[in-house]
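K.L.:
Here is how the chains run, residue by residue.
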Amino acid sequence: MKHKRYSLFGVNPGVLAGFLVLVLIFAAKTPHFLEFSTMQSLAQQVAINTIIAVGMTFVIITAGIDLSVGSVQGFVGVITALALMNPVVVARIGNGSIFVACAVGLFGGTIIGFLNGAAVAWLRMQPFIVTLAMMWIVRGIAEVITDGSPVGVVDPSLPYGVMRNDILQHKFTWIAMGYVGPIPIAALIALIVVVLGHILLTRTVFGRHVYALGGNAEAARLSGVDVTKIRISVYTICGALAGLGAIVLTSRLNSGLPVGGQGYELYAIAAVVVGGTSLFGGSGSVAGTAIGALIIGVINLGLDLHGISSFWQLMITGTIIFMAVLLDEIVRRRQG
Amino acid sequence: MMVGRTLEGNFPKVPANVGDSILEVSGLTRTGALDDVSFTVRAGEIVALAGLVGSGRTEVARCIFGADSYDSGSISLVGVPMVGHGPKSAIDSGIGFVTEDRKGQGLLLDLSVRENISLAALTSLSRLGFVDRHREQNATGDYVKSLGIRTPSGEQRVKNLSGGNQQKVVLSRWLMTKSKLLILDEPTRGIDVGAKVEIYQLMNRLAAEGIGILMISSELPEVLGMADRIIVMREGRVVGELARGEATQERIGELTVGVPIREA
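Protein chains in written order, with my numbering: chain A, 1 to 336; chain B, 1001 to 1264.
There could be a bad hint or two in this list.
[Unchecked claim] Below, computed lysine-lysine pairings styled on DSSO-like, alpha-carbon distance capped at 30 Å: (1) B:Lys1180 / A:Lys229; (2) B:Lys1180 / B:Lys1013; (3) B:Lys1159 / B:Lys1178; (4) B:Lys1088 / A:Lys229; (5) A:Lys229 / B:Lys1103; (6) A:Lys229 / B:Lys1013; (7) B:Lys1013 / B:Lys1145.
Rather than coming from a laboratory, the hints here were simulated on the basis of the structure.
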């Protein structure tokens, strides 16, 4: 009866300790690891996965899953780039087309998420199957729209590879590569998403209902929770954030790739799970997910700096995720 | 808190002070489960639904609460017909439902005592969608105190509580929504004798405050000990209604199975 839930913003202390140990090891063994510029590029790299994973956290807390977020990167990337470079829009409002493109991208992601949620909530289909199907459908749409080729964010009037600071594509690149003072914009976006996600989940009636639905759907329904509405909402949020992540990715690649973001759904799920959110639903936190994304990012960056090949990195990343979840499971079982 | 442990103290029944009708069920029919079920529950009254498992008692409760749909008939609460659908609208009109399966349908085991108590009343504890944590803590803390829920704090996970204390958590949830009608399905199943008495005392207190209570119970002594009126169901129908004075184990038993029980 004496078990208390010690936590900082809902983050499991084990997760936090693991993260700190990892940072210490890399800091001690890796030249330049703790330098400011390294941290900046870490934040930039982790940003996209964090944004997607926050949405995934909402879904997983309701005991669902969203496998389509990787494909949404491709789909939203393509439609964002197409909207951005649309000659009619550019001729009319010039750089304002960036806002149009972002709106189109966000809307696209949101619609995909809503459709996932509608199928899960109204048609009562398994989230795994619904989003697996959506993963292929959305990827297919991205390929069909572009006939499989990337949509470059380039000014056709300029020679290949030439960029001018005052023009559209440069300004769009700023989303992923720009800085406010010392802070990368992408990291700032991710931070805002984490903070808002955390507030939504822990301070609002909606957030409480998300946990209730994941903890016991029937009890939640019999306590007046509108489980249909909550289900649709979490998938819609997940889709919208996947769309936001895709906009940052498109800005970073300076093009919309129909094949972009392949496997990102698994990175997002890994960040959520490493962050201490249970796949069984009912518990977890956005702050934990942010730490989870950082852990995966730190591992990749640290191994990169050591010059370890990407083949080995896959194995090492996989092993660390396995260990993290195993450790969490052991702690959970002991707490009863 | 004093807990009566003696057998004679098991049913601390207080005579009812019956008021106006709270719940009126008339002609409730659900194909294959319920056939023309009619009865009323009045303020301050404890009405028991007796009968065998499968006789339709829980189905009646679920239809009243909006958890299941029904084919025909009407249900009205304090004279107002319930036209809404779903548990949400039942809760809003003042019904609370303590389910038979506490762990499967009542509690969120991994959440705290506080979160479990406030779940159905969260909207009233929030402003612009944000939960007022301070008010929530105070309000749930009041129920922990007044119902004598034994827990180290409101932050304790509900799964670490005993059955009796868990049941009091569920009851608190429905007191917090200011229920006018409480449906208690097997309210003392799986809880120890001391906690049972506490639940009975609580039922008396709530009835005295004017809440109507519809109790479903398979324990005849409990039905006889606590109910002001007993409605007996068999195969989805109401087969008899007994006032407190005229009910005996034998009469209920006869109605339950449908044949006279002869003395051996």
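K.L.:
Decide, hint by hint, whether the structure agrees.
P.N.:
Do the hints match the structure? See the list:
1. In summary, the hint linking Lys1180 of chain B to Lys229 of chain A is supported, as the alpha carbons are separated by about 27 Å, within the 30 Å threshold.
2. At roughly 20 Å between alpha-carbon atoms, Lys1180 of chain B and Lys1013 of chain B fall within 30 Å of each other, so this suggested pair holds.
3. Restraint check: the Cα-Cα separation between Lys1159 of chain B and Lys1178 of chain B comes to about 25 Å, which is no more than 30 Å; the hinted pair holds.
4. Straight-line distance between C-alpha atoms of Lys1088 of chain B and Lys229 of chain A comes to about 13 Å, which keeps the hinted pair within the 30 Å bound.
5. Of the pairs offered as hints, the one joining Lys229 of chain A and Lys1103 of chain B holds, with about 24 Å between alpha carbons and a cut-off of 30 Å not exceeded.
6. Between Lys229 of chain A and Lys1013 of chain B the CA atoms are separated by roughly 43 Å; this puts the pair beyond 30 Å, and the hint is violated.
7. Proposed proximity of Lys1013 of chain B and Lys1145 of chain B is supported: the alpha carbons are some 23 Å apart, at most 30 Å.
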